[in-house]
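Student: Below are the chains, spelled out letter by letter.
6 protein chains.
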Amino acid sequence: MSRIDGRTAEELRPVTIERGWSKHAEGSVLISFGDTRVLCTASLTEGVPRWRKGSGEGWVTAEYAMLPRSTNTRGDRESVRGKIGGRTHEISRLIGRSLRAVVDFKALGENTIVLDCDVLQADGGTRTAAITGAYVALADAVAWAQECKLIKPKAQPLTGSVAAVSVGIVDGAPVLDLRYEEDVRAETDMNVVCTGDGRFVEVQGTAEGVPFARQELEGLLDLAVAGCAQLDGAQRTALGR
Amino acid sequence: MSRIDGRTAEELRPVTIERGWSKHAEGSVLISFGDTRVLCTASLTEGVPRWRKGSGEGWVTAEYAMLPRSTNTRGDRESVRGKIGGRTHEISRLIGRSLRAVVDFKALGENTIVLDCDVLQADGGTRTAAITGAYVALADAVAWAQECKLIKPKAQPLTGSVAAVSVGIVDGAPVLDLRYEEDVRAETDMNVVCTGDGRFVEVQGTAEGVPFARQELEGLLDLAVAGCAQLDGAQRTALGR
Amino acid sequence: MSRIDGRTAEELRPVTIERGWSKHAEGSVLISFGDTRVLCTASLTEGVPRWRKGSGEGWVTAEYAMLPRSTNTRGDRESVRGKIGGRTHEISRLIGRSLRAVVDFKALGENTIVLDCDVLQADGGTRTAAITGAYVALADAVAWAQECKLIKPKAQPLTGSVAAVSVGIVDGAPVLDLRYEEDVRAETDMNVVCTGDGRFVEVQGTAEGVPFARQELEGLLDLAVAGCAQLDGAQRTALGR
Amino acid sequence: MSRIDGRTAEELRPVTIERGWSKHAEGSVLISFGDTRVLCTASLTEGVPRWRKGSGEGWVTAEYAMLPRSTNTRGDRESVRGKIGGRTHEISRLIGRSLRAVVDFKALGENTIVLDCDVLQADGGTRTAAITGAYVALADAVAWAQECKLIKPKAQPLTGSVAAVSVGIVDGAPVLDLRYEEDVRAETDMNVVCTGDGRFVEVQGTAEGVPFARQELEGLLDLAVAGCAQLDGAQRTALGR
Amino acid sequence: MSRIDGRTAEELRPVTIERGWSKHAEGSVLISFGDTRVLCTASLTEGVPRWRKGSGEGWVTAEYAMLPRSTNTRGDRESVRGKIGGRTHEISRLIGRSLRAVVDFKALGENTIVLDCDVLQADGGTRTAAITGAYVALADAVAWAQECKLIKPKAQPLTGSVAAVSVGIVDGAPVLDLRYEEDVRAETDMNVVCTGDGRFVEVQGTAEGVPFARQELEGLLDLAVAGCAQLDGAQRTALGR
Amino acid sequence: MSRIDGRTAEELRPVTIERGWSKHAEGSVLISFGDTRVLCTASLTEGVPRWRKGSGEGWVTAEYAMLPRSTNTRGDRESVRGKIGGRTHEISRLIGRSLRAVVDFKALGENTIVLDCDVLQADGGTRTAAITGAYVALADAVAWAQECKLIKPKAQPLTGSVAAVSVGIVDGAPVLDLRYEEDVRAETDMNVVCTGDGRFVEVQGTAEGVPFARQELEGLLDLAVAGCAQLDGAQRTALGR
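Residue numbers (UniProt numbering), protein chains in the order written: chain L, 1 to 241; chain Z, 1 to 241; chain U, 1 to 241; chain X, 1 to 241; chain P, 1 to 241; chain Y, 1 to 241.
There may be inaccurate statements among the hints.
Since the list can't tell identical chains apart, any single copy or any two copies may satisfy a pair.
[Unchecked claim] Keeping only pairs whose Cα atoms sit at most 20 angstroms apart, straight-line, the calculated SDA-like set for lysine to any residue is:
id : residue 1 : residue 2
1  : 23        : 72
2  : 149       : 77
3  : 23        : 76
4  : 152       : 21
5  : 106       : 144
6  : 83        : 93
7  : 106       : 147
8  : 23        : 180
9  : 154       : 204
10 : 152       : 56
11 : 83        : 13
12 : 106       : 185
13 : 154       : 82
14 : 53        : 77
Derived from the structure by calculation, the hints contain no laboratory data.
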């Protein structure tokens, strides 16, 4: 079964991670998964939301959005419509949860990091690219804070790393890292977020049309774990580790 | 490891499904999973949204909401705040997707069914109760439409059934159908939607704090599949099948 | 002149008041006036809105809403539309004013009680059922607060009771407690809120089409006062007084 | 019992009705009840809202608003807050209902008249001044439409006239047409809308603090009916009848 | 080239400035430029917005709005639409900036003045009439504050005066103070805000269709400066200087 | 007087115009004025807004927005706040007007082009960079439409070109193309939009603090015209003319 771009089932699209893209943000990354391009910035400010004040613990949250013409046909701006759609909400929440899974809030201290993931061009996998890029931006923001002494020198606010990838069943076969055309045709669509040591942070599988069997689920998980391991490598390379 | 209400790890809370709760709706169910009570109504109208007109296919969608004092402390009404929160959006979308997985839109014809799932009392598992109850309301609405000849007599708009349950790792052990107190303490939280024949429609697992290993995931899936099978039985009993 | 359900002009529909419907709320009542069913919860919290702080006085307010399929045809959710309609606003304000008429805010102390009145099924008279039920929920919340010592033991935050009923001129004749079909046909529609000792808290009469004469108004007021007295009895019975 | 401005209990404030205030509107009136000044415009357009198309009947609706500094302390603009408050909604609906009570929609034909009542300066009784002034603007718009042949020459779209006045119990005594200072101190507050022939269109009485007895209600109605009759005279004079 | 109302190219419409129009506001003016009528109120309150607290400096801001039927065809209320349009935002910001240009915030002390400019009738030039009238209302509010000792007796919060006028190229010729019919036909439209001593505060020129040459710009600026000088005279007269 | 980055008063920052940045949009440009980077996409769709249907004429409009961390401190997303701020509205309108000034709508036919200008990084002059880049994206979209035969082959929808630049008085001297630090310190700030043949489309000058004299205005206009001519050259180079 050959894929539209000639990849094998277990092959990622070319991944690039460009650090330091923004001169203002404490951490910033332009990540691409093939033609999908997401600008991830990490903004660190002292202080925490009201409900967390005095706890000694920090906070990490995320906001995801798509530029109106990041897609094939232009979408309305959510700011113009005056409300955020369900999909945007859902992905913002997913990114925030995924990153919080590797943060030690005590070590972060009462600082807040907001991860903005803005999709400049979309071709499938925007949420997984966003998580993978946001982790690198987060790491840079934490390193910056340590240099500035906003975080104690020996504190380790990051307890691990996270990366994410999509998998799906297309034309009956499980494939890794779906492009938009594949995503549209997928019978089952799954997004998996893994830590660098191969454990799961999020597993979200959805039958698009045909319910899927346990065995298919297992095959998708195998692909996803291997894909995340490759992305973990790309993150390490980008961070010079 | 005993649970707060004395249940075993693989035991559901008492489930009740009361059909025909509303005199207006084409299908209506008051479902309870223990103290969680959700009123599910199915409203069938002729016609479909603009983007589907002329396709000959129907549409099914869902809206989930919580009454302000369905929870332990009162929450603001989303209508008063003027916008719907991310969690509400996410669950409404989940319910809609789950039910659409067992609908044959051609057989439904150009009719729209809206499933309203309003949580009257919450004690964990509101989304899984909502899906499980909404299926029964949907089945009743479809039966009503067949009696009224809105749907062709031999059409089979429902290709199967769906039920949903939560599972999680609490104090290191996997348990089924979490109450609120368990949900708060869970290290991993998973919602699983299955068809009546045991395949998956949705699998959503989230690490709350500690990432989870493949083996833990497998254990949770086992519990969930067994739980959904029991719920399938409760649905059949309620529907008199 | 016989009514659609065989009642006499001065007869209420069957009234049921089920206390303690919710396990979370400080007071809760499921009230029915025939097929109209409203869930009324009273949520008591310490503290008052900003503009009342330091006054030593409490506050009571109300929010009314209809579930989307509580009516014969499904209505849009106000949370989805992003704004509250005029009718909802008007009824919420009416319920709040009606209950405040029998509250001694000094005796309540700096506590706030919010009455949520959610219409589960509508068949005319939802606002009057809401007021009548909310009073019982309020009484339960006040009793709860006295047990918890949130209110001083000898304080009497309730100076009386309130109940409400609709009256109208249908086919030229004044009738009590209109069902939806009667309400639609009524030439004049009036909602009356009375205290347990027979005085008026609110009188809202509206000509629907034909203006009404003083004598007709007097006839409607007579009916309403008698109806409220019966509802006062139902409230006392429910409260075990 | 003397009133703050020396009036007797049954005396209106000076009333002025200035027609033709706007060069654009089909009917326009600047009405004053003492220091309360409301600009009422009637905008007539051909056609009706979607739900009324093809009925052969017209529609009349109203919108009420206060300029931010029409009151003693500046209020936020509802356009800036992004939503309309409950009081505004309630009064807009009241004005619309009051005027529709004297309109024959068949005679109006498929035309829509919107009455905008903008309070330029407030000193109590803004809603009653708005109704009284809006009737005159409506009459002018109807006359204009007849001249333009938008309405059939012999059609009588107005079946009568309406005027409105406030009454209340202040310091234990019923008084007519309350100024703001009286309104604030009133134990009972009532707004009454009457037709020119002395029948009721709306009766809205509210206990502010102390519930009121039947006899008090009767006294207030007597005052209101007499006050509306005087306003009817002022409307006739303004219209040159 | 004669103008529709017979004015010469460099002639203003009749200007009237009526001070003290509102009994509540600290400063209030009803200004007319021909048939354009704008009610300008200045509301002074002690204190400043949060971001300015403790600075010892005051703040001046403005809000502009049009009544729905101030124009030839009725426009929707922005409060009903739930958002403020771009034009309204733009003009509100322009008025605020224009007046702040002549305010010494240190001398004003920590007081806030809000200028509400509500267009009662529109016939072109509403923003320039608003600025010109708002200055007079501002001057009155400052004088009131000095009388009340809210501002130090020798403080001079106003460092100058401002007035504004529109100019444009109509049928190839530059003209002053455009009426609505001229504005619609103008090839170039410019609004100019000048201080009483003839310097510029704002210059906003827009080509409507045909770009304009430097020489045309110079001609428009000449007209505008002369027009503002006349308006400055009208302001002085109104203020009795 | 030397500038912070060593430029002379009449010198632009380095300008880069990268065409074809997006694979989806009909025209797309990443433009930079020094550190200011704006992504401009032109989306062409057949058809026009309702109010223009059947006119045979097209439409061009623009939307401007800043990514939350395009600035030095993170700003709230307008989609999350639920409304668009006045500045965003104002700039979107300015961009739309500027481009419409060089469009022949008859030649465009009933097609709509939306220009999205999203600021990826801000350092002063975002609106002028947006206009300058949007023109190139617009030219590419028009060329694309001609290739696709959506526009008649000999039609010339663009009657000229536009570019924009900021000028201001900093430390008493007029300078071209202000960076953020200069913009903040400027006494007068002006944005000028010129056509390729040196005429004006928009002139917007604002005194920030000190009103400016006619002579200063002239000096600023001279600088701006020269700056726009240079930008016109950069546009031509980018377009390969």
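Student: Now look at each hint and say whether the structure bears it out.
Tutor: Here is how each hint holds up against the structure:
In this assembly of identical chains, residue 23 and residue 72 lie within 20 angstroms of each other by CA distance solely across copies; the values are 8 angstroms between and 30 angstroms within a copy. Taking identical chains as interchangeable, the C-alpha atoms of residue 149 and residue 77 are never at most 20 angstroms apart, the minima being 39 angstroms within one chain and 29 angstroms between chains. When the C-alpha separation of residue 23 and residue 76 is checked against a cutoff of 20 angstroms, the pair qualifies only between copies, where the shortest distance is 19 angstroms, while the shortest distance within a copy is 29 angstroms. Taking the closest pair of Cα atoms, residue 152 and residue 21 never come within 20 angstroms of each other, the shortest separation being 26 angstroms inside a single copy and 42 angstroms across copies.
For the identical chains of this complex, residue 106 and residue 144 are intra-copy neighbours only, at 18 angstroms inside a copy versus 39 angstroms across copies, given an alpha-carbon limit of 20 angstroms. Both within a single protomer and between protomers do residue 83 and residue 93 lie at most 20 angstroms apart by alpha-carbon distance, with minima of 16 angstroms and 16 angstroms respectively. Taking CA atoms no more than 20 angstroms apart as the test, residue 106 paired with residue 147 passes inside one copy only; the shortest distance there is 18 angstroms, against 40 angstroms between copies. Proximity of residue 23 to residue 180 under the C-alpha cut-off of 20 angstroms is restricted to the inter-copy arrangement: shortest distance 13 angstroms between copies versus 31 angstroms within a copy.
Proximity of residue 154 and residue 204 under a CA criterion of 20 angstroms is satisfied in neither setting, with 35 angstroms inside one chain copy and 36 angstroms between copies. In the homo-oligomer, the alpha carbons of residue 152 and residue 56 lie at most 20 angstroms apart inside one protomer (13 angstroms), although the nearest pairing across protomers, at 37 angstroms, exceeds that limit. Taking the shortest Cα distances, residue 83 and residue 13 never come within 20 angstroms of each other, neither inside one copy (33 angstroms) nor across copies (37 angstroms). In this assembly of identical chains, the alpha carbons of residue 106 and residue 185 lie at most 20 angstroms apart only when taken from different copies (19 angstroms versus 44 angstroms within one copy).
In this assembly of identical chains, residue 154 and residue 82 lie within 20 angstroms of each other by CA distance neither inside one copy nor across copies; the values are 44 angstroms within and 41 angstroms between. When the C-alpha separation of residue 53 and residue 77 is checked against a cutoff of 20 angstroms, the pair qualifies neither within a copy, at 34 angstroms, nor between copies, at 23 angstroms.
Checked against the numbered hints listed earlier, the structure breaks hints 2, 4, 9, 11, 13, 14; every other hint is satisfied.
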